[in-house]
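Colleague: Take a look at the letters that make up each chain.
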Amino acid sequence: AQKITQTQPGMFVQEKEAVTLDCTYDTSDQSYGLFWYKQPSSGEMIFLIYQGSYDEQNATEGRYSLNFQKARKSANLVISASQLGDSAMYFCAMSSNNAGNMLTFGGGTRLMVKP
Amino acid sequence: GAGVSQSPSNKVTEKGKDVELRCDPISGHTALYWYRQSLGQGLEFLIYFQGNSAPDKSGLPSDRFSAERTGGSVSTLTIQRTQQEDSAVYLCASTNRGGETQYFGPGTRLLVL
Numbered sequence: 001a002q003k004i005t006q007t008q009p010g011m012f013v014q015e016k017e018a019v020t021l022d023c024t025y026d027t028s029d030q031s032y033g034l035f036w037y038k039q040p041s042s043g044e045m046i047f048l049i050y051q052g053s054y055d056e057q058n059a060t061e062g063r064y065s066l067n068f069q070k071a072r073k074s075a076n077l078v079i080s081a082s083q084l085g086d087s088a089m090y091f092c093a094m095s096s097n098n099a100g101n102m103l104t105f106g107g108g109t110r111l112m113v114k115p
Numbered sequence: 116g117a118g119v120s121q122s123p124s125n126k127v128t129e130k131g132k133d134v135e136l137r138c139d140p141i142s143g144h145t146a147l148y149w150y151r152q153s154l155g156q157g158l159e160f161l162i163y164f165q166g167n168s169a170p171d172k173s174g175l176p177s178d179r180f181s182a183e184r185t186g187g188s189v190s191t192l193t194i195q196r197t198q199q200e201d202s203a204v205y206l207c208a209s210t211n212r213g214g215e216t217q218y219f220g221p222g223t224r225l226l227v228l
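Note that the protein sequences, when read in sequence, are chains A and B.
Reminder that position 11 of the first sequence reads as 11 in the numbering used here, one-by-one numbering, no gaps.
Add 115 to a position in the second sequence, counting from 1, and you land on the number used in the numbering used here.
Check the hints yourself; a few may be wrong.
[Stated by the list, open to error] With beta-carbon atoms standing in for the labels, derived distance ranges:
| no. | chain 1 | residue 1 | chain 2 | residue 2 | range |
| --- | --- | --- | --- | --- | --- |
| 1 | B | P176 | A | S31 | 27 to 37 Å |
| 2 | B | T191 | A | A81 | 38 to 48 Å |
| 3 | B | D133 | A | K16 | 25 to 35 Å |
| 4 | B | D133 | A | E56 | 46 to 56 Å |
| 5 | B | Q156 | A | D26 | 37 to 47 Å |
| 6 | A | F47 | B | S153 | 29 to 39 Å |
| 7 | B | S173 | A | T5 | 39 to 49 Å |
[Claimed, not checked] To be clear about the criterion: a stretch of chain B counts as covered by chain A if any three or more of its residues have a C-beta under 8 Å from a C-beta of chain A, and this derived list gives those stretches:
| no. | stretch |
| --- | --- |
| 8 | 126-132 |
| 9 | 193-199 |
[Stated by the list, open to error] The calculated lysine-lysine pairs, modelled on DSS-like cross-linking and capped at a C-alpha distance of 30 Å, are:
| no. | chain 1 | residue 1 | chain 2 | residue 2 |
| --- | --- | --- | --- | --- |
| 10 | B | K172 | A | K73 |
| 11 | A | K70 | A | K16 |
| 12 | B | K172 | B | K126 |
| 13 | A | K16 | A | K114 |
| 14 | B | K172 | B | K130 |
| 15 | A | K3 | B | K132 |
To be clear, the hints were calculated from the coordinates, so they are not data collected in a lab.
The structure presented is a predicted model; accordingly, all values stated were derived computationally and were not measured.
Just so it is clear, CB atoms sit at the ideal spot from N, CA and C, and this is done for glycine as well.
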């Protein structure tokens, strides 16, 4: 069974500063994917970034980067230069390449960006 | 191109009634997933369709829940004899065969009174 843990229910960050959202995972699979999604108050789930378990380089997408530490089973999201529009719920998720790629989600972190 | 669409966006029903929720995936996407997001349980996988293969129903919470996918495209999630604990947001996602990233629709907010 897979498990995702997000230990920060809520976080504040000052506009223009960087912030790290924590995510740890547990799986016995050798091949898996790690994802971050953003869910604003409107409710849509917006894909941010993906990291494959065999990828040696940390994934980056614009202001988002994924700090992947395989031995520690962590996949933290780093958002640089926070903007007011970054205020939202953020979900870490993983898929198993052995099981149809359905996603297991963490409990989420609510990020609030202060002006 | 068009993203994943879901209808209705909101549904209010009375306990014991049946409801149907619709998902239209991104054109050409062969895999379709249903998830449920509720306050108590967070985000949970419900069911997965891949092409013409038999669906993976391992996440369905009870036999009151069923889903079908017609023509490898549109999917309908049916909840029979709804209960108040079925109140949640039902999210649909799709992806290409071999693709990793699932793209989500806007969801259907279901409220069972």
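Colleague: Evaluate each hint against the coordinates.
Modeller: The hints, checked one at a time:
Here the CB-CB span from B/P176 to A/S31 is close to 28 Å, well matched to the stated 27 to 37 Å. At roughly 43 Å, the beta carbons of B/T191 and A/A81 sit within the given window of 38 to 48 Å. A C-beta distance of roughly 51 Å is found between B/D133 and A/K16, which places it outside the suggested range of 25 to 35 Å. Here the CB-CB span from B/D133 to A/E56 is close to 50 Å, well matched to the stated 46 to 56 Å.
Hint check: B/Q156 to A/D26, Cβ distance near 19 Å, so the stated range 37 to 47 Å is violated. The hint said 29 to 39 Å for the Cβ distance between A/F47 and B/S153, and at roughly 21 Å that hint is violated. Range check, B/S173 to A/T5: about 22 Å between beta-carbon atoms, so the 39 to 49 Å window is missed. Counting residues of the stretch 126-132 of chain B whose C-beta sits closer than 8 Å to any C-beta of chain A gives 0, which falls short of three, so the coverage hint is violated.
Counting residues of the stretch 193-199 of chain B whose CB lies closer than 8 Å to any CB of chain A gives 0, which falls below the minimum of 3, so the coverage claim is violated. Distance hint between B/K172 and A/K73 is fulfilled; the C-alpha atoms sit about 28 Å from each other, no more than 30 Å. Restraint check for A/K70 and A/K16: the C-alpha separation of about 29 Å stays at or below 30 Å, so the hint holds. Between the alpha carbons of B/K172 and B/K126 the distance comes to roughly 23 Å, so the proposed pair stays at or under 30 Å and holds.
The suggested pairing of A/K16 with A/K114 holds, with an alpha-carbon distance near 9 Å, which does not exceed 30 Å. Between the alpha carbons of B/K172 and B/K130 the distance comes to roughly 24 Å, so the proposed pair stays at or under 30 Å and holds. Between A/K3 and B/K132 the alpha-carbon distance is near 34 Å, which puts this suggested pair outside the 30 Å criterion.
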